[in-house]
Amino acid sequence: MTRLLRTALAILVVLALWEAAARAGVLGGRVVPAPSGILFDWWTQRADYALHIAATAKAAALGFLIGNGVAILCAVLFILAPSIERLSRGVTITLFAVPAITIGQVLVVAYDGIVPQVALSAICVYFPTMVATLIGLREIDPRASDVVRVYGGDSLCILRYVRLRAALPGLLAGLKVAAPAALLGAILAEFGSGSRWGLGTFLLGSLGQANAARLWGIGLSATAVAALGYAIFALGARRVLGATLSVTLAANSAPDRLGSYRLGRPGQRVLMAIGALALPFVVWWAAPRILGLNPIIARDPIDTFHYLALDNGAATARAALLSALSSTLPAAGLGLLLGLAAAFLLASLSVLRPELARLLLPPSLVLQTMPLVALTPMIVLIFGRDLAAMLAVTITVVFFPAYVTLAQGFSLTPPAALDVVRCYGDRPVKSLLLVSVPFSLPYVFAAARLVAPRALLGAMIAEFLATGTGLGQLLNASRGQLDYGMIWATAFASVVVAILAYQAVGLVERLATSGRES
Amino acid sequence: MGADPGRALIASPSNGSSSPATAALAPTVDVLVDHVEKSFVANGGKVVTALDKVSTTILRGEFVALIGPSGCGKSTLLRLIAGLDEPTEGMVRVRSESPKTFCARGELGIVFQDPALLPWRSVRHNVALPLEVLGRPVKPAAAHIQSLIEMVGLKGFEDALPGQLSGGMRQRVAIARALVTNPSLILLDEPFGALDQILRRTMNLELQRIWLRELTTTLLVTHAIEEAVFLADRVIVMQANPGRIVEEVIIPFPRPRDESLFSDPKFHQRCDRLASLLHGGEEH
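Chains as they are written, first to last, in the numbering used here: chain A, 1 to 518; chain B, 519 to 802.
Since the hints were made in silico from the structure, they are not lab data. Model, not experiment: these values are computed from the prediction. Among the hints, a few may not be true.
Stated by the list, open to error - Quick partial rundown of chain A residues pointing at chain B, CB under 10 Å, derived from the structure:
#	residue
1	VAL14
2	TRP18
3	PRO142
4	ALA144
5	VAL147
6	SER155
7	CYS157
8	VAL162
9	ALA166
10	ARG238
11	ARG239
Every residue gets a Cβ at the ideal spot worked out from N, C-alpha and C, and that includes glycine.
Only chain B is shown next, with the shape it has when bound in the complex (with noise of 0.2 Å):
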């Protein structure tokens, strides 16, 4: 993973950045989304169009994120990666796949901004379920899912039920499940959302953390814009009515990130300019 191509172009500039050599190699695209619309009939028969013609690419090993402000279609773009919802025109392919195909085969693991875990299920059964679902055997896999919980922190907590814990130990949770089929695609929406700054904080170093173990492709749907850049190699900023994309933003700085960063001048250089970019291209 550490040689991919896609990633040595686009996440690290810092180490030789766009050399001749490097650029030659064509990078693999995971994810293609082409010219994509996406509308809804709203309750009084009105044509919604939550996103307009959007084109973009997401490479192997990239971390990505995408922020706008609420009603941007960022979800819904998200949705269709997921093979949640159909475009109505145009095209998204996973892997050269269609995403109902690569989902089917259990490559992509998703986390929500609610944990949406079963209560009735306990922390390992929960996240033991998108094994159960793909008809695969739990018992050999009991093992991984042992590491995958005492990697998010909880262990001690295997048969603990959801009602039982925190918000931010829930949404742990919910990350071991994203993971336990071993992905080759990571979508996360708004995953921190509900949780408060402090927390968040600590959820994105570990986020990171995890992230760099196997450079795992990963889309995260944000509007803080603070998470965006400290986690993202490459951040995609969108405009509401319609939802589009308008400015993707490579973010360089080397990995692993640490806490010094949110404090570092440049981090805020980074952050005041997407936001003035959030906010209609103004002058901040």
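Chain A with its partners taken away, still in its complex shape (with noise of 0.2 Å):
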């Protein structure tokens, strides 16, 4: 309660100052107003508001349980039968990667109404459920389902008697990551659809009125509405598991820890990767036929290869693509490194001084949720609509997700190793170059293979909002010019970079981890 009570008071200590600095024009009234500004321009549009957040809450929840549904049958179906998951990883690992603002401008295109919307709630809240559930559900004490087999149980006894209950705080922590992850999906498929309310549709409204207080209003609500979800489903968590910090770890890992066994022989593994390899664009192929959409709009791989490469102006689609990319993905990658690099920084520095870590560890975990739309108009208020802007985004969506899984990565390290090196001696920054760094490493790729997908996403969602510059802005006018082609090559490219990153960071990771017990 006394915890409750300095939090509180923690908040409105920071809002008294911010009140003040905003009153005393050191924050330029015009960037960052007062609170109460914000408070008191909610106030007068709060009917504006409640319809707003309600059209973009209802479109998030359906999108919510739908994917949380499929993911969880998914989950269930994969630790029955591996060799299905192991086929699907290909899609799995898209679905990690892919930008989900290109399928968002895809789905608007080919649908009207809140389905663009629910859809990519469901595609967002997909992955996080998924692996969070199919962790939960693989990780048993294996006596235990010894135990089960030994009075005949079969795998459909096990999943009953150990599984399911065993992976419940996994999934838990899935759906807490879920949760604002389905609002992101739900404003994103706003944006371009035309759709009357909802938080994007308002956002989108407000950035050419330079009304500060109403935009960091909309990115408010929006947070306010995603750290509700998360708490919802943080409490659940503590009160199934009593720890909340641990199992964080599962709902944010990327597809990496989803094969640690091996399956048949080296053939059967090469087919197998083959077909994993091929799935998603047998989807692809597949789903607009089995959708019934449009082919003139829902163009399939074999559209989008003739679109780059053999048709008349292919020429030119293929320069504007790469001019694209090649404005995109500097600052991209620039964003991650240098997110990644401060969230090391920072969770090291947090072993050298703990009380730092118990102050930003906290504000983290709710940050790293907030819906990266939300925190793009702020930054557009202080950064202007330049790269300056875009960096920021960029670093900020890299940065809280990397400093939790590298802090708890750090917390990690085997004490008796530390004990080891205080034996010679208190010498903290030893210990942490000897021991903490090195037993961390695996944990810094980790972090990198999870943000390094948000990070174009970040870029993208910056282009597309402020600077109208690269693959944003290129999604972004395709699809008011209804060229059809080249939104699904941009989402095509965006997704073949995504996941060119995920690979790469695999294969450094493996280079400088090699011989290590994994």
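Since each chain sits alone in its own frame, please combine them into the complex, following the hints.
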């Protein structure tokens, strides 16, 4: 209770300081308005806010239910039939790495009404929940399943008595991460949809008005809804488990933790790998046909190949795509590196000064789930509409999840290893360099894999909303010009880039940690 | 059970040992291990032979201990008898049936080094788990479960969760769970390996007390020589590379054996003999 009181007091103090600074004109009223100003604007527009929030929340909730239902069923299916999990790994990694904004633009041109929002929410939710549930289902006490088998229990029996309940903390941790992701999906699918209500629509409409209080109000509203969803499942997880910190790792993990076992003979494995690589394309080719979409709008892999390689305008299309890529990738890459470096530095400092971790970790846990769209308008106000804004968005979306992962990695350093160093004199910096940093190396790569796709998404959102350059702009413009071929080509290129970045991190990790026991 | 010919023959040579009259009665074989081979494919694609043509039998009512250095395949052999793995070659029969069929009737109880309790189930519900897996009603067994919990000395902890118990207490829950179906064969895979020496002795005494009530056929896998000699009627010694049986030693001490046996010179003689067998037959 006293902790709650202290937190409330701290928030009040921060708000008071913010108010005073804004009134004194230190922050520049057009960039960071006073809290009272934001609240006043919110109050006068409360009827509109309520409608916008309700529209987005409704779509997000529907997508949350559908996506999580599918995710849980898939996790159970994957545990009962590991070869299906193996085959669909390409699809899983694609769903993890794809920048949600590109699917949003594709969905928006294909469907009307609430469908794109619900679908994108469901897609955003699928990965965190599926992985967290799958890891929970898989990482059980092997002796406990032996006990069930000794009484003739089959795999369904093990699922019922051991796995399902063992996966509950992981599932809740997944849902905790999924709740803000659902909101992000719902907002991103409002861009370009022309829907009347929704926080995304509201944001797009207010961006041109230079009304700082309004933009902050929208951002804070989206954050509040996301934080509410996060908090509901965080409290649930705490009830089930008693520990909140240790379970966030499973939900935040990149797909590498999926496969810790080997399956079949080498030949079989190669076939599986080829199947896993081909399946995303098969899904891309088959899904529009099954859903009965207009082939003019829904371009399949063959159409996209024609568009980029064989058609009349192929050279122009390729040039446009390459120029967009060359504008987006350096910014996204730089933001990724800077964000990771900052997270690593602060996480290392937290080892030397534990009170720093106590101060930084709780807000980081919440901020890592903050919908990045909510962030962008504030950053645009502060940094303007050029490269600095893009970098700021990318660094921010990279920093918080990376910091949380790294802080956990550092905290898992075996105490005995630290004690060995301490026996030769208390040298914190030495023990940091000799023990903590090498031990946390796998977490550095886990963090890099986790945030690499987010960096691309952040950069694209910043381009879409603020700078008007790169892939984000190309998507936005081609939707406006009804250039469906380009929308699909851009989506394809961004997915390929994200997956390549993801695989590159994996390659560096294998080189850096080869010979270590996993 | 007391008139069991197999037990009379093997376990109690002290009261008349192998007189022709008792030897003529064919002892009932509970576990038959016949030329069993088990090999694994290691990470590099190399084939490792965990068990090489192993044959032995366990008679009804016998308490057999299986000792050997790590890697000798003693736990592998136990898993084959439990039907948790299949042999590469050869045959395992429990009461003339395949281990899987035998187990599916709830005739087997097993305890591992790790108690393997489900952390979200109370002591009572952990003990009841085998009944649920077998699809048997739990409610009518409530009194039986209660008596088992009391027998392993956990009265008052029926509703405690495993996380609230000490290591020794958790292992007692696992023992009660292994007994809940009134099994006719009990397998113990280093059940006290994680406990300290003092607690281990206490648990050995208790295990003997529990075993003497029903005289259920029992196979104990352990790497502690003293534990094997104290508890078993017969000790099977295994060696590694490849895993094989090198010797079987009868332990003739009368039952019930009490703590004083641990300081008996004869007890140490047996232990020393086993130790020399384990070290490859060198003279001690």
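Structure-based check of each hint:
no., hint, result
1, VAL14, "violated (38 Å)"
2, TRP18, "violated (44 Å)"
3, PRO142, "holds (8 Å)"
4, ALA144, "holds (5 Å)"
5, VAL147, "holds (5 Å)"
6, SER155, "violated (12 Å)"
7, CYS157, "holds (6 Å)"
8, VAL162, "holds (7 Å)"
9, ALA166, "holds (8 Å)"
10, ARG238, "violated (15 Å)"
11, ARG239, "violated (12 Å)"
In the structure shown, a violation is registered for the earlier hints numbered 1, 2, 6, 10, 11, in ascending order.
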